[in-house]
Amino acid sequence: MTTKDVLVIGASIVGIQVSIDLANMGFKVHLVESTPSIGGRMAQLDKTFPTNDCSICILAPKMIECFQHPNVDTMTYSEVASIEGNIGDFKVKVRKKPRYIDYNKCTGCGDCTTKCPTKVPNEFDLDLGQRKAIYLPFPQAVPRKVTIDAKVCKYLTKGVCRVCEKTCQAGAIKFDQKEEIVDLKVGAVVVATGLDFYDMKALPEYGYGKYKNIITSMEYERLQCASGPTLGHIKRPSDGKEPLRIAFIQCAGSRDVRHNLYCTGVCCMHTIKEAIMSNEHNNATESFVFYMDMRTPGKNFQEYMYRAEKEYKVNFIRSRPAKVTVNEKGDPIVWYEDTVDRKLKSMTVDLVILAQALVPSKGTKEMAKVLGVKQDQFGFLDIPDSLLKPVDTSVPGIFACGFCQAPTDIPEGVAQASGAAARVAEMLEVSSR
Amino acid sequence: MTKKVTVWHEAPKALQGKVGGNGMEVALKEVPVQPIGMRAFVTFVIPDYCSDCIYCEGTCANLKFNKERKIMIVNQVGCRGCGQCISSCPTGALQQRNTYLGKIDEDFTHLLGKEPAAVPQSCNMCPVVSGEMPDQGNGPNSVRLLCSGRYEASLALEALTKGCKGVVVVGCLFKDFPFERNKVATEDKLRFSKLLMMRLGIDPDKVQHVNKYVTEGGVRECIQRLSGA
Amino acid sequence: MKGEKAPVEADTGVDPLVMRTNVLYCLDCGKCTGTCPVTAVKPGFSPRRLVEMTLMAKPEEIATNNYIWDCLTCGKCSNYCPTDVRFSDYIKGLRARALEQGGFSVMNHGGITYSIARAMAKGDLKQKRLEWVGGAKVTVAEKGDVLLFTGCMVYFDLIFEPLHIDGAMTVLGNAVSIMNRAGIVPAVMADEVCCGHDELWSGEEGTFAKLMEKNIQAIKRTGAKKIVTVCPECASTIKKYYKEMGGLEIEVVHISQFIDDLLKGGKIKLRLAKGKVTFQDPCRLAQHMEEVDAPRNVIAAVNPGGLVEMRDSKELASCCGTALWRNCDSFSEGMRGDRLRQAKETGADLVITACPKCQIHFSCTLSGKCEEKGIDPNLKVKDLVTYVAENME
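Residue numbers (my numbering), protein chains in the order written: chain A, 5 to 437; chain B, 2 to 230; chain C, 121 to 513.
It is worth saying that the hints were derived from the structure and are not from the lab.
Incorrect hints may have been included.
[To be verified] Reference listing, derived: stretches of chain C covered by chain B, where coverage requires no fewer than 3 residues with Cβ under 8 Å from a Cβ of chain B:
| no. | region |
| --- | --- |
| 1 | 135–143 |
| 2 | 228–237 |
| 3 | 242–250 |
No residue lacks a Cβ here, since even glycine has one placed at the ideal position from N, Cα and C.
Go ahead and model the full structure; you've got the sequences and the hints to work with.
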């Protein structure tokens, strides 16, 4: 018997869009997200291209709309454990990981986070800043409930402390909370599990991890973001100096037979954005983008690139750098062949940013196994008919949209999300008649 | 625009005068000729190849190191063409070419496919010695060097590999400088050749040195002995 | 129209050399040129531009193009190329064509090494190449599971005698002595000929084919299951090209990998050495065979903590400056000078090599005008095998 319930795995902007579309059409959506808050990678960005809108400012209203929608049941800090059945009649088990917090009592005031003694690297800030063992992942988190990280909490590992319990005025701390298994019956599944970052240590020639002033694009986004570890003041890692000459190295780990053969698709644009924003932070900042091709195919993308060159002191150098070293002051030196005037050159800058390759997330790989969905040779969820059915996976009734199926930017991802919602609706409406 | 000099052991006739793919010109026509008497040769240095090592300086007083250009320069007036320096240069920067009608070559391509008896590698300067050789030393079985000082092991080894039954190195006993030095150096190089041939398993007696006054003869007998063997 | 020739049927096939080396995939990105050690000293040279030039050139122009002989075929460019352009193999193919068209490059030392190889290729010579065995007092055999391929060291001894390098008796003798100590009696071949590496990479394919055939027959006669060489050029040639072009399927390792295995198995015991040393990665070992760890493990076993890396090391290491006994010129000396100055900067007074040619080239530069070139003439260069054998219990 077909149900009109839908499971959406992954609450990124793509997952949120699918949920809103389906909920507005009258379907009941179960939205499962493995991190403590919905929002995904878009919450980690500072601005979005090509409009340079503040990312969280345009994401947050969608997050609220999705979370408060009567037809959407959001389960954060949860994972899909198993699935059985066929299209129209899937039986799903969702494992809700214990937050050790009484969900209904916590008000999200944050008092407990000020008192917790344990500090660990903050994965939301790409380990550039720190958070506590009891934490809110980011200031605009939805739901606004704290979570206790069981791996580092002093009480849960060693049996001491419990300061948060003493501080919480709502009495929301519940150390004896257990994981819960929820059984669901859904008619269709939409996967939107997104991306992870390729480890730049695999490219030793660029010195990432060896020298301090060589960072990745996402780390730079966090430095630029006002809610990031440096409160939006761009400071380079070695000495906190403001970088006025920044080198961006494109295709770091992408379009490379030694690492990832495919083109990540979004780095040309996000590099231009970061270069423009750097100049907005300080008018004296000059950026040097080392590229093989500038891939700017979307609406207003090419114009964005020309504006960067004309108005924001962004220089484009056609070359793929051979290596990066540092001088005694810690300034990185980029060594490259300028393919236009055919000379071997070196350039000393204050900061090097690697436009790192993006790969299908760990969650994508896990879900592929659990759902029995085929993956392609790079780990993306395979779309058998990518021309005419661009969101259908190899399993009927399971759809995939966003980066988990192919390199996608936000506008494309949102379009795919609405497309997947339409496919689900068509499938479930027709079958229930 | 500086023209660079390329090096050919013997450039095929078809390529002479054509421009190479990267702007270099084939050198044979560019080499400066010193019209000094009957000078039939010129010794020169290819600038890029000279790496300022130590091997040629001691061989001759006509070689000096030029500090501005950082290469060795040959004194064209004093150079007798003995070839000692050339066989001592490890990189091939020092080169020698004929500029006159007399044939001086170290290339054995013309010997391929034939069964020559012996290859006299002999001095070009004495008509008497060449009289001892088959075809006055201009025939298909001869390789003329400017002087036995030019001899080096690879020349003999190539000749033997290409089918020659033996190699005769002919040089005279002029007691002038630098020829005295040549005799000693040539004997050193012959000793090395023989050690090399013994290790390779080639009979070392296939290479013979005839080093006599011009009137003493001996070349013809040597050739006959090697051919008959 | 009258007088006009009929259009010629176009050849739609792509040149097989270009197909097999992926040259058309070149993205024109310049990463190869940035890593190339020759470009660093000779600004006119560039692997990327050479691809561009040669793809558009006529065959006669390839013959007169001198840049194709400047490449050291070290393989650093193809290791970093993002689209897998096999540049060294492409150069090898171009050189073979250039030779057919009368092209030429300068051979060093009068071409004696090539004359020796040609002599070996032609006749069935009864070489005297095993005299070092008696002198080193080691045990070898005619047949065995492990074959030590000795290479041309016995001839380098004669040619480079004035340089006083670790000769055949030292290096080969030490290699066998290490094997004997581990309980292995290796086979050695009296009818071994030059592996043909230089001929292969210079485009002299005919000579290479003859040498390869002779060696394959001799190797099969020993019944060996594993070949060990002291020279990475022999190792990479036999491992890859004897297999591809001669069909020889056999395990091949370089002596550093072999000793690394023996140490891991506890087969030999070492006394510990002290002092700062540095290591020159041979290009055939680091780039062609992609082995950077085995020699470092061996040095760490002999001298824990004593290895100081040069500025460019492992996959980024630069070549010793001269390849194939060709085109050694002032630029090669420049590369070697840089490398020796890097070695001095580490504070080490001993440079360990794992290739007889690296050792010979460095020794040649060190025996020249060092002070004027800013090189420390007191730097010592030693082979890895000797370093281990000197410190064996």
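For each hint, the structure was consulted:
Coverage of a stretch by a chain is defined here by at least three residues with a beta carbon nearer than 8 Å to that chain's beta carbons; for the region 135–143 of chain C and chain B the count is 0, and the condition is violated. Interface restraint, the region 228–237 of chain C with chain B: holds (8 residues with C-beta to C-beta distance below 8 Å; minimum three). Only residues whose beta carbon comes within less than 8 Å of a beta carbon in chain B count, and the region 242–250 of chain C has 7; three or more means the coverage holds.
Comparing the model with each earlier hint shows a violation of hint 1 alone; every other hint is respected.
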